[in-house]
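2 protein chains.
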Amino acid sequence: MYKPNKKMGKLIIENRSEIFRPSARTERTPASVTRDILKVIDTPGMISFAGGLPDDSLFPIEDLKNIFETSVSKKGSKLFQYSDTQGHSDLRAWIADRYYPGSSADEILLTSGSQQALDLLSRYFIEEDSPILLERPSYLGAIQVFSSYAPTFIGINYGEEGPDMEELKYVLTNSSEKPKFFYCIPDFQNPSSYSYSLEIRNSISKLLLENGVPILEDTAYRELYFKEELPISLCELGPEHTISIGTFSKTLAPGLRVGWIRAPKKILKDLIIQKQSMDLHSPTLNQELVYGFVSSSKYEEHLSLIRKTYQRKSEHTFNCFQNNFGDSLPLQISKGGLFYWLEFPQEINTDLLFQKCLEKGLAAVPGSSFFVGKPERNHLRWNFSNASEEETKLGVKRLFEVYKSIQK
Amino acid sequence: MYKPNKKMGKLIIENRSEIFRPSARTERTPASVTRDILKVIDTPGMISFAGGLPDDSLFPIEDLKNIFETSVSKKGSKLFQYSDTQGHSDLRAWIADRYYPGSSADEILLTSGSQQALDLLSRYFIEEDSPILLERPSYLGAIQVFSSYAPTFIGINYGEEGPDMEELKYVLTNSSEKPKFFYCIPDFQNPSSYSYSLEIRNSISKLLLENGVPILEDTAYRELYFKEELPISLCELGPEHTISIGTFSKTLAPGLRVGWIRAPKKILKDLIIQKQSMDLHSPTLNQELVYGFVSSSKYEEHLSLIRKTYQRKSEHTFNCFQNNFGDSLPLQISKGGLFYWLEFPQEINTDLLFQKCLEKGLAAVPGSSFFVGKPERNHLRWNFSNASEEETKLGVKRLFEVYKSIQK
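Chains as they are written, first to last, in the working numbering: chain F, 1 to 408; chain L, 1001 to 1408.
Hints listed in this document are in silico derivations from the structure and should not be mistaken for laboratory results. A few of these clues could be false.
What the hints assert, rightly or not - Calculated pairs, DSS-like style, for lysine-lysine (alpha carbon to alpha carbon, straight line, at most 25 Å): (1) L/Lys1078 to F/Lys65; (2) L/Lys1074 to F/Lys65; (3) L/Lys1298 to F/Lys75; (4) L/Lys1298 to L/Lys1308; (5) L/Lys1078 to F/Lys308.
As the list claims (entries may be wrong) - Per label pair, the in silico range of CB-to-CB distance: (6) L/Glu1389 to F/Glu27: 35 to 43 Å; (7) L/Ser1304 to F/Ser89: 33 to 41 Å; (8) F/Ser405 to L/Lys1298: 56 to 64 Å; (9) F/Lys298 to L/Glu1389: 40 to 48 Å; (10) L/Lys1298 to F/Glu69: 46 to 54 Å; (11) F/Lys266 to L/Ile1406: 35 to 43 Å; (12) L/Ala1150 to F/Ser328: 48 to 56 Å; (13) F/Ser405 to L/Ala1093: 38 to 46 Å; (14) F/Ser89 to L/Asp1097: 50 to 58 Å; (15) L/Asp1097 to F/Glu128: 40 to 48 Å.
Stated by the list, open to error - Chain F stretches covered by chain L per the calculated footprint, using a threshold of three residues with CB under 8 Å from any CB of chain L: (16) 330-343; (17) 374-385.
Model, not experiment: these values are computed from the prediction. Each residue gets a CB set at the ideal place from its N, CA and C atoms; glycine is no exception.
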């Protein structure tokens, strides 16, 4: 046992309230609702559709075990020593090759999940009060981290084909200060599940280029299509004015915390310096495990399996909603991603619905958390990838009961 | 192969200079010298004493392999799923128990190395122009990350027994604004290798408490004593006004990126929210590997081995310096840590010495990088833990030759 050289007693602190004086940043960083919900889901009997959790029975654990074994035997101590800030060069080359035709490993920076990519890009771009554009609704983890940098949020409504182009044009023409970037999730968005049509992709890339506003494209769900691939990415359309963010959290395993940024080389240089100051580098071993798996022939099989499984789960979820709610909940069957974005009648406040659901052992995320500015309060984000079919059946039934009870 | 739905050509960007408009933060984050040096050390023939790299032949790779095997078999997919922001609860309990008598797992937050801990605490505390206290010299990775938050640095000279208490008292009495914290490395400091005496520890803890200024104590090198343990930590002396930072990078393996913060519970709550916004959580698997090893009976043996090896290497390094430089370089034999802090005569500028060294295939870190305010320019930081004895012999000889050549 470790025994410190304890030669004097502890000092007693009398008034500590003034000792720790946090920055304004601390005050303005909201706790993320989903992370808070993750804490209650361990309550006995609770069924959760709250987190964006992949189905962990699909994690290729045996393969990862074999890769670990082989890699450690081959590369040994290198996997455990300090390494380069930019990250595993073979994995960067693989990412460039697969997702960014014409780009190279030099344009990729590996991060600790896509959340760190969002933080890093916030540091790079945002000054206090900088205007930034983002979709309404948008990913709550992005809203959370952006908030800590105190920008001025400008929300653009996101509909079934993409953002409202008229609104976007109006904002670009009439902002007194040029927005720092447009943050968007064009593929099976979290939370709405909407995607951009090809036409919108073309128009939006052109419009933002003309206005000198860079795009931050978050591609987290792009691989999770059920039948048809999505149209070309914004980054491929306009690689010089688009920064792309990606992650292996949804396609492989989130616990490994491996994500990336693709940016023009000139910008990437500065991003690497920021990353260096943030945590020196992300763990080498985790990048090696990801590389070992994605570069093997098993990755395509694995993606097919995930797509099929999530499609089946989404269809089952859809059927459960149809069976319980009938026409009272307008819902289209999902084409990809992880979520249903439930739209209740205007008079239903899902913040209240959510509280009632928790009491009945059911968790999902109230829509208000996904809006900058004045929130809409009649949505609920429902994850379909994690729960079992049995749990889904029971969960939707519980939701319908709660819905009925507050409707009265 | 992945084939995107490429239905239109790329947009051509004509004037991209105005598109990316980085924040002032980007401008003020300096690239870290050591990380830049890490890039040149792969040049053929280069011998490096620059990084704070542990001896990677000591990494307990076989044990980590076994732990991986056992843990994955036992815990399965949980190790690869999203998990709690605060981190592995058993590892937190182990850290509290070993290093913070009277504290519990609730007061520990796991981070991606201690660099992330420094970033997180910067976010928590620093506003633009906030005065912060730190030692002169201090750890350059801390200076780098603090700089990106634009504080006002107040340096306190660090001598062989600890910081200059008169200077510290003077600053505390005469600052117009109360400093946000005092950042210090009381144990085998990077770069100076100095430690605080027990007397200084007592006085400094008391003085800062009286002045209502919290302490950020960085304990990275605390376990690396060769014979005698260091006196009680500042955190144990004053747990309510001290935040402690630790890491497994020096005692186990830096590539795993596992570090921690110990803070009073009230503060920790807000730190967890910041961490959540930064990267959701650090990788579960890495924390499990660390826990598996440190909680086993092998950890004490391993620490003994590291201490003995580094002591031998430090003695060998010391002898090489004696044999080459004789009395022209004042040097005391090391008692712990990873570095010798070489002090040359005032007329030697180690920034120039460093450049000449690189030309001769030798890397170490010029002292100027470790100073806030006006730098001292006659030191060189020399790592002794990583190079082999043969390399050290050759390296010191090269240094002496370069030194002689610029002295003329």
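Which of the numbered hints above does this structure break? Violated: hints 6, 10, 14, 16, 17.
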